[in-house]
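Visitor: Residue numbers (our numbering), protein chains in the order written: chain E, 1 to 114; chain Z, 115 to 228.
Among the hints, a few may not be true.
To be verified - Calculated pairs, DSSO-like style, for lysine-lysine (alpha carbon to alpha carbon, straight line, at most 30 Å):
{"#": "1", "chain 1": "E", "residue 1": "Lys11", "chain 2": "E", "residue 2": "Lys70"}
{"#": "2", "chain 1": "Z", "residue 1": "Lys215", "chain 2": "E", "residue 2": "Lys70"}
{"#": "3", "chain 1": "E", "residue 1": "Lys11", "chain 2": "E", "residue 2": "Lys53"}
{"#": "4", "chain 1": "Z", "residue 1": "Lys175", "chain 2": "E", "residue 2": "Lys57"}
{"#": "5", "chain 1": "E", "residue 1": "Lys53", "chain 2": "Z", "residue 2": "Lys215"}
{"#": "6", "chain 1": "Z", "residue 1": "Lys163", "chain 2": "Z", "residue 2": "Lys182"}
{"#": "7", "chain 1": "E", "residue 1": "Lys57", "chain 2": "Z", "residue 2": "Lys215"}
{"#": "8", "chain 1": "E", "residue 1": "Lys11", "chain 2": "Z", "residue 2": "Lys182"}
Claimed, not checked - According to the in silico footprint, chain Z covers these stretches of chain E (three or more CB under 8 Å from chain Z):
{"#": "9", "segment": "61 to 69"}
{"#": "10", "segment": "103 to 109"}
Derived by calculation from the structure, the hints in this document are not laboratory data.
In this text, a Cβ means the ideal position worked out from N, Cα and C, and glycines have one as well.
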Amino acid sequence: DAGITQSPRHKVTETGTPVTLRCHQTENHRYMYWYRQDPGHGLRLIHYSYGVKDTDKGEVSDGYSVSRSKTEDFLLTLESATSSQTSVYFCAISDGGGRADTQYFGPGTRLTVL
Amino acid sequence: AQSVTQPDIHITVSEGASLELRCNYSYGATPYLFWYVQSPGQGLQLLLKYFSGDTLVQGIKGFEAEFKRSQSSFNLRKPSVHWSDAAEYFCAVGARSNDYKLSFGAGTTVTVRA
Numbered sequence: 001d002a003g004i005t006q007s008p009r010h011k012v013t014e015t016g017t018p019v020t021l022r023c024h025q026t027e028n029h030r031y032m033y034w035y036r037q038d039p040g041h042g043l044r045l046i047h048y049s050y051g052v053k054d055t056d057k058g059e060v061s062d063g064y065s066v067s068r069s070k071t072e073d074f075l076l077t078l079e080s081a082t083s084s085q086t087s088v089y090f091c092a093i094s095d096g097g098g099r100a101d102t103q104y105f106g107p108g109t110r111l112t113v114l
Numbered sequence: 115a116q117s118v119t120q121p122d123i124h125i126t127v128s129e130g131a132s133l134e135l136r137c138n139y140s141y142g143a144t145p146y147l148f149w150y151v152q153s154p155g156q157g158l159q160l161l162l163k164y165f166s167g168d169t170l171v172q173g174i175k176g177f178e179a180e181f182k183r184s185q186s187s188f189n190l191r192k193p194s195v196h197w198s199d200a201a202e203y204f205c206a207v208g209a210r211s212n213d214y215k216l217s218f219g220a221g222t223t224v225t226v227r228a
């Protein structure tokens, strides 16, 4: 299994509070991704990174920001959490390299916003 | 824009019977296609992928998938289902023109009855 950890694994928070989720990899892969999973929608890309300090938006990026200061860590921040951001969040990594390499997924973080 | 449709939300199959999960994609050029499986409470695991070449792809756990360009399909099959195959299955498509970002289908939940 790819070396990907996510923390925390579960979090309950209140509307309006900031939340940061962490993804850590030990594979030295270039690409990292944040997805959210909701029933009936599959997985939707929030943000991704193609290198340290290089990030870009996905299809559902509103209300989220990311940062990547080290190859191994990719942080997802909800500046002011809303109930619509209650979801399961998955981090993924891939080696990239100019073609569609496989993405490997972390175990997920279940976030509940009350 | 690329998109993926999994027409079946839920499939129930008897143990030992064959299984086929449907996946249709929308994209103009040759896509990169993936099937992932997710057991309850777990992250996604890659079953198989298609980039080019032989259109019949073998994967792990006895699964195979066939790419049919004329039908824009990438259906997943298994000849004989085991109880441990009960899970949710996701089809995904990526493309070089979209920076290899993946679009996922909504998923198909498979229930295996004894």
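Visitor: Any hints this thing doesn't respect? Which numbers, in order?
Guide: The structure conflicts with hints 4, 8, 9, although it agrees with all the remaining ones.
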